[in-house]
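Novice: With chain A held as given, fit chain B onto it using these hints.
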Amino acid sequence: GQQVMQIPQYQHVQEGEDFTTYCNSSTTLSNIQWYKQRPGGHPVFLIQLVKSGEVKKQKRLTFQFGEAKKNSSLHITATQTTDVGTYFCAGVGGGYQKVTFGTGTKLQVIP
Amino acid sequence: EAGVTQFPSHSVIEKGQTVTLRCDPISGHDNLYWYRRVMGKEIKFLLHFVKESKQDESGMPNNRFLAERTGGTYSTLKVQPAELEDSGVYFCASSQVFGGELFFGEGSRLTVL
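Residue numbers (this note's numbering), protein chains in the order written: chain A, 1 to 111; chain B, 1 to 113.
Don't read these hints as lab results, they were simulated from the structure.
A few of these clues could be false.
Listed below are the simulated DSBU-like cross-link pairs for lysine-lysine, each with C-alpha atoms no more than 35 angstroms apart in a straight line [stated by the list, open to error]:
hint, chain 1, residue 1, chain 2, residue 2
1, A, Lys51, B, Lys54
2, A, Lys70, B, Lys15
3, B, Lys78, A, Lys36
4, A, Lys106, B, Lys44
5, B, Lys44, A, Lys59
6, B, Lys54, A, Lys56
7, B, Lys41, A, Lys51
8, B, Lys78, B, Lys44
9, B, Lys44, A, Lys70
10, B, Lys51, A, Lys70
11, B, Lys15, A, Lys106
12, B, Lys44, A, Lys36
13, A, Lys51, B, Lys78
14, A, Lys56, B, Lys78
15, A, Lys56, B, Lys15
16, A, Lys36, B, Lys51
17, A, Lys59, B, Lys54
18, B, Lys15, A, Lys59
19, A, Lys70, B, Lys54
20, A, Lys56, B, Lys51
21, B, Lys51, A, Lys57
22, B, Lys78, A, Lys57
23, A, Lys51, B, Lys15
24, B, Lys54, A, Lys36
25, A, Lys57, B, Lys15
26, A, Lys56, B, Lys41
27, A, Lys59, B, Lys78
The shape of chain B in the complex, shown without the other chains:
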């Protein structure tokens, strides 16, 4: 069974540019989460999809971040325009059970210069 895959693994962009991160969850997992880890600190919740619906987006920092999950399959997280403080590792995770074990992808490291 394929795990959670994320693309790209690393992205370096300049301040003001746009970046789109993609996450393919494990097939059949309705729950999809985005988290961010900055400078080796805590893993901060961004949002949670159940199928194609945003269940909880209370962690999204501001309107420069847009997450979508069309058709309830893969998800994208777009940052536009990127700021320096957006640098960090963005993790996607999926779960089969609501509130259950999370399966994480390898993460997408974003560096904003």
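This is chain A alone, in the form it adopts within the complex:
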């Protein structure tokens, strides 16, 4: 079945440093989504990437979808304490367009 892995599992950064999380799927995806879950909260949609090689930006966040549509990355420039949380990628694929969440990267920002 479809599996989605993320690295790293945890990341501690000093406020102002950059952060990147990587996502890899065992199968080719039709699209990939990114979510953020704050401590004690629920996942909140950030973005969806559909095209091979697509790059999208949201302020300090840059999202990339690989050429083979099997991997993706999220890069945060100059982290802030408000960026704290767990970032999940979610791969969409298969006949049922199953949404499979990655293992998540927990980001801690040290002020």
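Specialist: What follows is chain B alone, placed relative to chain A:
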């Protein structure tokens, strides 16, 4: 517009008891998903409804779990009998578009003692 609502927010039961979780999706969203997050780990897929039909239930762990979505509106997830390993946060999500953005509820935290 009301978001996805889940009830109860927290349930504490003993092993062997039954619990029923409810999810009200956003009105008009045909797609409804159940996920589970255990001990802060990954968000594991349980199943996906399209209207009242089970589109994909490949993630349901065993026959102690029963999900229904009568009339294609709200959904229930029943665990009977509950086991210790069923503890976790059960999230419901809905989407308007097949394979599109998911809107999550606040989750139902289940603790089995």
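Novice: Run every hint past the structure and note whether it holds.
Specialist: Hint-by-hint comparison with the structure:
1. With a CA separation close to 29 angstroms, the supplied pair Lys51 of chain A and Lys54 of chain B stays within the 35 angstroms bound.
2. Between Lys70 of chain A and Lys15 of chain B, the direct Cα distance comes to roughly 41 angstroms. Violation of the 35 angstroms bound is thereby established for this hinted pair.
3. This hinted pair checks out: Lys78 of chain B and Lys36 of chain A have alpha carbons roughly 28 angstroms apart, not beyond 35 angstroms.
4. Proposed proximity of Lys106 of chain A and Lys44 of chain B is supported: the alpha carbons are some 16 angstroms apart, at most 35 angstroms.
5. Restraint check for Lys44 of chain B and Lys59 of chain A: satisfied, since their Cα atoms lie roughly 30 angstroms apart, inside the 35 angstroms limit.
6. Between the alpha carbons of Lys54 of chain B and Lys56 of chain A the distance comes to roughly 34 angstroms, so the proposed pair stays at or under 35 angstroms and holds.
7. Distance check on the hinted pair: Lys41 of chain B and Lys51 of chain A sit about 29 angstroms apart at the alpha-carbon level, within 35 angstroms; holds.
8. Annotation: proposed proximity of Lys78 of chain B to Lys44 of chain B holds, straight-line Cα distance about 17 angstroms (limit 35 angstroms).
9. Straight-line distance between C-alpha atoms of Lys44 of chain B and Lys70 of chain A comes to about 19 angstroms, which keeps the hinted pair within the 35 angstroms bound.
10. Restraint check: the Cα-Cα separation between Lys51 of chain B and Lys70 of chain A comes to about 29 angstroms, which is no more than 35 angstroms; the hinted pair holds.
11. Distance check on the hinted pair: Lys15 of chain B and Lys106 of chain A sit about 31 angstroms apart at the alpha-carbon level, within 35 angstroms; holds.
12. Using a Cα cut-off of 35 angstroms, the hinted pair Lys44 of chain B and Lys36 of chain A holds, with the two alpha carbons roughly 16 angstroms apart.
13. The suggested pairing of Lys51 of chain A with Lys78 of chain B is violated, with an alpha-carbon distance near 39 angstroms, which exceeds 35 angstroms.
14. Only pairs whose Cα atoms come within 35 angstroms are accepted, and Lys56 of chain A paired with Lys78 of chain B is rejected, the gap being roughly 40 angstroms.
15. Annotation: proposed proximity of Lys56 of chain A to Lys15 of chain B is violated, straight-line Cα distance about 47 angstroms (limit 35 angstroms).
16. Pair hint Lys36 of chain A plus Lys51 of chain B holds up; C-alpha atoms about 27 angstroms apart against a cutoff of 35 angstroms.
17. For a cut-off of 35 angstroms, the pair hint linking Lys59 of chain A to Lys54 of chain B is broken: about 39 angstroms separates their Cα positions.
18. Between Lys15 of chain B and Lys59 of chain A, the direct Cα distance comes to roughly 48 angstroms. Violation of the 35 angstroms bound is thereby established for this hinted pair.
19. For the proposed pair Lys70 of chain A and Lys54 of chain B, the alpha carbon gap of about 27 angstroms is at most 35 angstroms, so the pair holds.
20. Restraint check: the Cα-Cα separation between Lys56 of chain A and Lys51 of chain B comes to about 32 angstroms, which is no more than 35 angstroms; the hinted pair holds.
21. A distance of roughly 34 angstroms separates the Cα atoms of Lys51 of chain B and Lys57 of chain A; the hinted pair therefore holds under the 35 angstroms criterion.
22. A C-alpha spacing of about 41 angstroms is found between Lys78 of chain B and Lys57 of chain A, which places the hinted pair above 35 angstroms, so the restraint is violated.
23. The suggested pairing of Lys51 of chain A with Lys15 of chain B is violated, with an alpha-carbon distance near 47 angstroms, which exceeds 35 angstroms.
24. With a C-alpha separation of about 27 angstroms, the suggested pair Lys54 of chain B and Lys36 of chain A falls inside the 35 angstroms cut-off, and the hint holds.
25. Taken as a hint, the Lys57 of chain A and Lys15 of chain B pair is broken in the structure, with Cα atoms around 47 angstroms apart against an allowance of 35 angstroms.
26. With a C-alpha separation of about 27 angstroms, the suggested pair Lys56 of chain A and Lys41 of chain B falls inside the 35 angstroms cut-off, and the hint holds.
27. With a C-alpha separation of about 42 angstroms, the suggested pair Lys59 of chain A and Lys78 of chain B falls outside the 35 angstroms cut-off, and the hint is violated.
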